[in-house]
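**Q** Sequences listed follow chains C and W, in order.
Quick note on numbering: the numbering used here labels position 174 of the first sequence as 588, and the sequence is numbered without any gaps.
Quick note on numbering: the numbering used here labels position 185 of the second sequence as 599, and the sequence is numbered without any gaps.
Take the hints with a grain of salt, since some may be wrong.
Identical copies go unnamed one by one, so any copy, or any two together, can satisfy a pair.
Stated by the list, open to error - List time: in silico DSBU-like cross-link candidates among lysine-lysine, alpha-carbon distance up to 35 Å:
no.	residue 1	residue 2
1	559	728
2	559	740
3	547	667
4	547	765
It should be emphasised that the hints constitute simulated quantities derived from the structure, not laboratory data.
In case you want the letters, here they are:
Number of protein chains: 2
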Amino acid sequence: MAVYPVDSLKRVDQPTTLINEAQIQRIDERRSGFNRAALGEWGAYLQNERHHFIAKEPLSAALTKMDLYLKDFRDGPVSSSKAPLPEDPVSIARHIKEFAYFLRADIVGICELPRYAVYSHDMEGEPIDLDHKYAIAVVIDQDWKTAEATVGNDWISNAMSFLGYSTSGFIASVLADYIRRLGYPARAHHGFFHEVLEPPILVQAGIGEMSRIGDIVVNPFLGPRFKSAIVTTDLPMVTDKPIDFGLQDFCSKCKLCAQHCPGRAISFGDKVLYNGYERWPADAERCTKQRIGNQAGVGCGVCIKVCPWNKPFKPLHRFTRWTIGKTPLFNSLFVRGEKLLRYGMPKPEKKWWLDLETLEDGSFVVPSRAGHWGNNEPEDRQTRNVDEDGE
Amino acid sequence: MAVYPVDSLKRVDQPTTLINEAQIQRIDERRSGFNRAALGEWGAYLQNERHHFIAKEPLSAALTKMDLYLKDFRDGPVSSSKAPLPEDPVSIARHIKEFAYFLRADIVGICELPRYAVYSHDMEGEPIDLDHKYAIAVVIDQDWKTAEATVGNDWISNAMSFLGYSTSGFIASVLADYIRRLGYPARAHHGFFHEVLEPPILVQAGIGEMSRIGDIVVNPFLGPRFKSAIVTTDLPMVTDKPIDFGLQDFCSKCKLCAQHCPGRAISFGDKVLYNGYERWPADAERCTKQRIGNQAGVGCGVCIKVCPWNKPFKPLHRFTRWTIGKTPLFNSLFVRGEKLLRYGMPKPEKKWWLDLETLEDGSFVVPSRAGHWGNNEPEDRQTRNVDEDGE
């Protein structure tokens, strides 16, 4: 059973950001920021840091190893017998979602797999041919309590990401295996292993809307504090519709992520058309460099940390969410309240992890710095960054 | 952070059931019920059913396959560098537990690994030598919503078990990998892969008390509705103490599990001394035969289903739990209330799974029966079983 009231969300026929399918060019997997760094496009330092990225901190290293270990569970033989399933795709979709919730998914959504969401080429440069008709999105919370404690770019950041990647990957892998047992092809895409781009699927499956952070989808209950895995399959299921919870107007006014981004990778401006779809333009190179090159932590999730939608599921916040969904009238007020009440501030008293850096020879150091936190003023924030990083 | 108020539980120096360590003989892994069936000790029919058990139903088959897949993640090389950890074992234990909760464990406890909990021989008959000092128990709820819907011995029973086994196995595997990265040996034990017997660890780590069900530990928040995985390690940690939440008197009066057991494997009598420890005697052969030979479902968890401790974490039930912990005076009343209010009745309207049986040739049938449910009277129950099963 769904954990969050997804059935009460306002559904719309078209996503809240413009998508012109005919104009979208499929993406080559090698063009993602992390892969460009790995291929040496941004110099030897970032290439090396990219390779050391996984082993740099032991919590995230253990979780990353699990995601890598699940590689051979992604796909497999399809049963030659088709199971006697209910005739109607509504019942099948309900059953699949209930199984995902049983497997402890936080949110589940289903859409037709958009052709433009399939990568054009894999990491070896081979063309990708994936013609599954449907996509199931499996969402995992990156942990509210840890999100409260963190600065966002300290030594827990990467572990929060890989908690989401490996846990959603575990669930998607079991779900895909089950569907293949029923006699339908199915493949799990998670963490390091994707033939599909996630954001368009998350939008079409009603998981969230595109946000100012860039190609990052924000969910009304978790904000950007989640990772997801995708199961692509031909099992016939009724699909979900995109949602509209008022994010477009909110993001146009809030800008907290842009103000706090230590890599200055997030735009203060308006949405633009890019590759046939509308988005707030983010600088993938700056973002990747910030995450890989972070010397005061491992990875970065400051945008996740400071987003006002990154909240616990409590009555007051539920009321605010509901109001934003009904009218944009109070959005400026809510943003001012967010800043005044300093909701996004790190709570170090809730910190449970150890600051530990594993060096390339396998020895450890206790790092002298754990992230950096500016206040909400963009000028001040940018000054701090220049000072601290010596740029 | 702990999900349940484990810190408010009454801790005791000795478990609530007598344990005479000097008298306990270590157990040979081949002597478990499932393994005796697999070895053909109970005839060709049960031996074959044991082998078909995993593939018999596709939800549990997918989950079982995941548990098996995680085999090579259980143990591995230990980092040659020791991490600079806090000096005090209290902080280390807290950190390890918080990591397990971050990994979405439902309950975590730590104890010294009792020598008698280590199997004497493995499945190949080789002596087991495991001298890790500590054991970390990782508990996963088998899903309250599914527990409400099920009859207990229908087509979801095995999937509920393997949800617990594979999910706790996933968490224990990541946790053990992390500890090895810190420079300490650690091994995950879960599902099919154990060098240790779990019940004594669960008792010593304060997860629960021994119950009438037999060698099954009942937890105050989940009842018997959980599975667990164990990490054994030498990482120095402060240990937890056993708990006393009033189960011994309650089980002496309740007997619902004995009344409902379709295999008549659970005793109506008193605790006895066995192999140096005190327990309610359960008939492992009858229990195993019921689970493996079940023709109206896969596996069996009727005892889990009907146990009054199998409840959601809600105010009324919390108050009852608290009262039972304070005084045994109202236990008979509570048991009568449980029967009158028919709390343990299946709720078919909440059923989300499909009744599907996979035959040995891989084809499917929709089974004509899905478990069987008797009322609370032992005489009636036993009559029904004899009638239905034609014994």
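**Q** Taking the hints in turn, state whether each one holds.
**A** Hints, one by one, checked against the model:
no.: 1; hint: 559 - 728; result: both (13 Å within a copy, 22 Å between copies)
no.: 2; hint: 559 - 740; result: both (29 Å within a copy, 32 Å between copies)
no.: 3; hint: 547 - 667; result: neither (37 Å within a copy, 56 Å between copies)
no.: 4; hint: 547 - 765; result: between (43 Å within a copy, 28 Å between copies)
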